[in-house]
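*Asks:* Start from the sequences and build out the full structure, keeping to the hints where you can.
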Amino acid sequence: MRRMEGDSRRAAHDAASSPQWTHVPRLVVFDLDYTLWCPYIDVLSGGPFTKTEDPGTVLDRYGEELSLLPDVQKVLNILEMDPQFEGTKVAIASRTGEIEAAKECMRLIEVDIKGEVKTLSDIASFVEIYPTCKIAHFKKFLQQSGVAYEDMLFFDDEYRNIQDVARLGVTCQYCQDGVTWNSWLEGIQAYQQAKLK
Numbered sequence: 001m002r003r004m005e006g007d008s009r010r011a012a013h014d015a016a017s018s019p020q021w022t023h024v025p026r027l028v029v030f031d032l033d034y035t036l037w038c039p040y041i042d043v044l045s046g047g048p049f050t051k052t053e054d055p056g057t058v059l060d061r062y063g064e065e066l067s068l069l070p071d072v073q074k075v076l077n078i079l080e081m082d083p084q085f086e087g088t089k090v091a092i093a094s095r096t097g098e099i100e101a102a103k104e105c106m107r108l109i110e111v112d113i114k115g116e117v118k119t120l121s122d123i124a125s126f127v128e129i130y131p132t133c134k135i136a137h138f139k140k141f142l143q144q145s146g147v148a149y150e151d152m153l154f155f156d157d158e159y160r161n162i163q164d165v166a167r168l169g170v171t172c173q174y175c176q177d178g179v180t181w182n183s184w185l186e187g188i189q190a191y192q193q194a195k196l197k
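When the letters of the sequence shown are read in order and numbered with the UniProt record's numbering, they come out as residues 1 to 197.
Hints were generated in silico from the structure; no laboratory data involved.
One or more of the hints may lead you astray.
DSS-like mimics (lysine-lysine), calculated; alpha carbons at most 30 Å apart, straight line [what the hints assert, rightly or not]:
| no. | residue 1 | residue 2 |
| --- | --- | --- |
| 1 | K51 | K89 |
| 2 | K74 | K118 |
| 3 | K74 | K114 |
*Replies:* This is the structure:
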């Protein structure tokens, strides 16, 4: 990992200004398409993908962009830097059939974590990308991580995925517009409420 030029103090401030939570999930799971990035990877023309000057963006072989949504860098900084989330792992659950393309983009898309460059692949401890009901992805996460379903928090822009995974006892946050700062806070708040039941 290399150092990235830019204002790392802003990322540090974001983590420092994060609300304090009573309960923190041990595993935070994100969908990819229209949750962390856009557009859908299967509407692009495939690889090889290339980096751009914008660390959150890659180009397909014809120059079409795939980019992280605006608040994703901030949310990932919280997960990587905020001491509250020191014991929290990140996972990716995607139903795309463009498995290798998604993995390639995860290896190329960079996130500025307090001036340190990390890729999505660096940040994600567990990755399940294949087209099936997301219950299958979460069963794998349970096996791989040892984290109970009730200690997981899941973000997805497709309501059917939310409905499926919620049946397992996972706290789920529907984010129709992808991960935003507000949807992140709503998800963490929903996790607080789930822990009170």
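*Asks:* None of the hints should be skipped; say for each whether it holds.
*Replies:* Cross-check of the supplied hints:
1. Note on K51 and K89: the hinted pairing holds, with a Cα-Cα distance of about 26 Å set against a maximum of 30 Å.
2. With a CA separation close to 13 Å, the supplied pair K74 and K118 stays within the 30 Å bound.
3. Restraint check: the Cα-Cα separation between K74 and K114 comes to about 10 Å, which is no more than 30 Å; the hinted pair holds.
The structure shown violates none of the earlier numbered hints.
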